[in-house]
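*Asks:* Chains as they are written, first to last, in this note's numbering: chain C, 1 to 217; chain W, 218 to 299.
Keep in mind that the hints were calculated from the coordinates and are not lab data. You may find that some hints are simply not true.
[Claimed, not checked] The calculated lysine to any residue pairs, modelled on SDA-like cross-linking and capped at a C-alpha distance of 25 Å, are:
no. : chain 1 : residue 1 : chain 2 : residue 2
1   : W       : Lys281    : C       : Arg115
2   : C       : Lys133    : C       : Ala167
3   : W       : Lys281    : C       : Gln107
A quick note: this is a predicted structure, and the numbers were derived from the prediction, not measured.
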Amino acid sequence: MVAFTQPARRVWVLARQEAERLQHHYVGPEHLLLGLLRHRHNQAARVLRAHGLDLETVRGEVDRLVARGVLPAPRPSDDALLASLGIDPVAVRRRLRESFGAEAVDQATQRVRTRPIHAVAWPPMGGTPLLAKRVFRLAYQEAVARGQEVGPEHLLLGLLGDASEPADTELPLDQQVSVSLGLPDHDHHPVRLLAEARGLTLAVLGSAVRGELDRDR
Amino acid sequence: MEKTADREATTLAAATSSQDPEVGLRAVAALRGLLEVLEALQVDNARAQGWSWQDIAGRLGVSKQAVHQKHGPSRRPGPGRG
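Work out the full structure: start from the sequences and follow the hints.
*Replies:* What follows is the structure, encoded as structure tokens:
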């Protein structure tokens, strides 16, 4: 990933915190949206707030999506499940890295995920999966097209672009991981659903962000 | 995240050995994920040290065919996904 602005990096940290708060063991578009709003001082958050999407409202909509089963209910992490069996996954990972090297552990993890038989969608060595790769790809394109670094505004455009396209078939592994994380296999993009729940369209939000970006050029 | 895991584990400790399939099955899946990575690492290491598939299978307590099928060279090409 190329050149993220300081605010965009902060949004990413906040998005991870939102995922943790919801006991979601992945980072998805809904968490990035919450991250943008928690950061507050960026144009993306201002556009969202101007359209009635403030932090409390969006958190409420996310809770409703959880209640409807569109997003996963809180669930224990793999690490917590292993710890409940008396296994210390942190110590196991540390020892494996010490004995075999971090690279060998990563390669073995990657192979276990992608091999044709006995694959495990997301082994507990894999860190937190990012289920928003297309968001970042689109954000990056938006930034490059304007000769800018990736900021919160481009992340929001990435989110809106991702939400307005059908499920990403370029990333079949993401689909597999989604199912293992308890995400229903669906086309119901959380960002689109919660925008629509507030009577907004993705296009309206998108042109508002573009308006801000282009006015500043 | 790791502190959270500790806290969760305390509340889960009873649940896992209890009869709640929701938690019990997920714990098994997490354990399998860990096991599979561990096995892949050890098999790679054994191969790098010149062990035969036959010997590896013997130590793992499975057939040579099974271990070769799972870890043998006929893997899907390259990483670059996910």
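*Asks:* If a hint holds in the structure, say so; if it doesn't, say that too.
*Replies:* Consistency of the hints with the structure:
| no. | hint | result |
| --- | --- | --- |
| 1 | W:Lys281 - C:Arg115 | holds, 18 Å |
| 2 | C:Lys133 - C:Ala167 | holds, 12 Å |
| 3 | W:Lys281 - C:Gln107 | holds, 23 Å |
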